[in-house]
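Q: Chain by chain, the residues:
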Amino acid sequence: MELKQAIMERRSVRQFTAQGVTRAELEQVLEAGIWAPCAGNLQEWEFVCVTRPEMIGKMKVVSPGVFWKPQAIVVVCVDSTKAGEAFGARNAGRWSIFDCAMAAQNMMLRAYDLGIGSCAIGSFNAIAVRELLDIPEHVQPELLLLLGRYESLPKPPPRKTEVIHWERFGSHGGDR
Amino acid sequence: MISKEFNRKLMELIGYMITSARGLVDEPKSYGPFRLVEGVSRLCEALLAQEGTDREFLAELKTTIDETKFVLMTDMEAFVEMLDRTTLLYARKLKALEE
Chain P
1 MELKQAIMER
11 RSVRQFTAQG
21 VTRAELEQVL
31 EAGIWAPCAG
41 NLQEWEFVCV
51 TRPEMIGKMK
61 VVSPGVFWKP
71 QAIVVVCVDS
81 TKAGEAFGAR
91 NAGRWSIFDC
101 AMAAQNMMLR
111 AYDLGIGSCA
121 IGSFNAIAVR
131 ELLDIPEHVQ
141 PELLLLLGRY
151 ESLPKPPPRK
161 TEVIHWERFG
171 SHGGDR
Chain B
1 MISKEFNRKL
11 MELIGYMITS
21 ARGLVDEPKS
31 YGPFRLVEGV
41 SRLCEALLAQ
51 EGTDREFLAE
61 LKTTIDETKF
71 VLMTDMEAFV
81 EMLDRTTLLY
91 ARKLKALEE
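Those protein sequence lines, which keep their order, are chains P and B. For the record, in the first sequence the residue sitting at position 26 is 26 according to our numbering, with numbers rising by one throughout. For the record, in the second sequence the residue sitting at position 92 is 92 according to our numbering, with numbers rising by one throughout.
Keep in mind that the hints are not guaranteed to be accurate.
Looking from chain P toward chain B, a few residues come up when the C-beta cut is under 7 Å (computed) [claimed, not checked]:
#: 1; residue: Val-61
#: 2; residue: Val-62
#: 3; residue: Ala-120
#: 4; residue: Ser-123
#: 5; residue: Asn-125
#: 6; residue: Pro-157
These are computed hints drawn from the structure, not numbers from a lab. Note that beta-carbon positions come from the ideal geometry of N, C-alpha and C, so glycine has one too.
Start from the sequences and build out the full structure, keeping to the hints where you can.
A: In structure tokens form, the structure reads like this:
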């Protein structure tokens, strides 16, 4: 698949079928995550991949943004200790969030490339997820990435082209 | 007698409500009505499996919510219209209840 096709066609999939996703496919998705750019090449992220249906069901209970059970959930986390040491307490959160977002986008595009739907979920309870998955205190869950097969993709909502400015803010291409 | 399945669904609903309450402190304002009405849908689902409940009403309420709830992201007017229809549905049921 061409990169452009993956970028333009990927949609947030919330409803999944029961068809499985293989371990090998998940490994490819996770590999795409660790190849994302990151501040200072710190690689302060941690990815917890959950595939057991029982645990996915429990995670759904504490994640109001999850409506259907996916085949896998990747919990994208930040090692706060590592980030704090490298960036200082004031900036650690900021850079780490960028890094997690870039890793998540890599994984979602790779998933789409493999015929797997995905959705990034911020509406989950980090305290509960940490408890369920034995995630240590210094590792902060930032995002859930739902992965699973789908029957159809949602229609793309229109994009706002007016957010693109050329040369100066407010110029939308007229004075190029 | 509460069935094991009903108990499980109620436990899940409690989890949904607690984590929704915490999440909504930081989430967009519009998520509030969504979480509440989704909670109603889940409660209807739990009650539908129970003996002695008004299944016809619960099924209609749940369907009304589920058919439209996701338009919140794209069409707030349609979402609010669904909430109004749900409210009317409930009010009619309340009115018909025997004193």
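Q: Which of the listed hints are broken here?
A: When the structure is compared with the hints, only number 3 turns out to be violated.
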